Amino acid sequence: NLNIEMPLSASTGKLKLADTTDLTIGTQKNADKIISGTFTLIADNGFPLDAGLQIYLLDAAGKISDSLFTAGNIIAAAPVDPGSLKVTSKKRSKLTIPVNKEKMSKVLGTKKIMITAELTTRPDNKYLKIYISYGIETKLTGDFIYKVY
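All letters in the sequence shown, in the order written, are residues 12 to 160 by our numbering.
Mixed in with the good hints, there may be bad ones.
Said to hold, decoys possible - Below, a list of computed lysine-lysine pairs in the DSS-like style, where the Cα atoms sit at most 25 Å apart:
#1 K40 <-> K114
#2 K137 <-> K25
#3 K40 <-> K123
#4 K25 <-> K101
Claimed, not checked - Label pairs and their in silico Cβ distance ranges:
#5 T31 <-> F155: 23 to 33 Å
#6 A71 <-> K27: 16 to 26 Å
#7 S76 <-> L19: 32 to 42 Å
Simulated from the structure, these hints should not be mistaken for lab results. Here the structure is a predicted model, which is why all the values come from computation and not from measurement. Glycine included, each C-beta is placed from N, C-alpha and C at the ideal position.
Hey, can you work out the whole structure from these sequences and the hints?
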């Protein structure tokens, strides 16, 4: 037997989730001309959860060879009404990832990445319901320095 209440009610501190995905930037036209640059992750978070984010580059054997973030990698939780404990609006976070020449070479040669998120409910020590209307929208942009012949 399973007794469950929907929507889910939870409180978490540092629950870690991970997933792997393909990375195709190195196969794009003129990718070999990229020297360095900056990635910016823009996240509009509608969950009452902070997400500490890390992106790992994986080698051909699926082992971690490098990571992209060094600091400032938190997607901030959406604000919550103190009475109803429901999210009132989305919270925008911008995570900047500078990528020097050495690391860009690794990024361009990588075919798979692992993304991890360490989730913590906000406010702390409160059981919050996770509603179907909650969501997160993300966009990854790049600003690159190219070599021109």
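Enumerated hints in conflict with the structure, sorted upward: none
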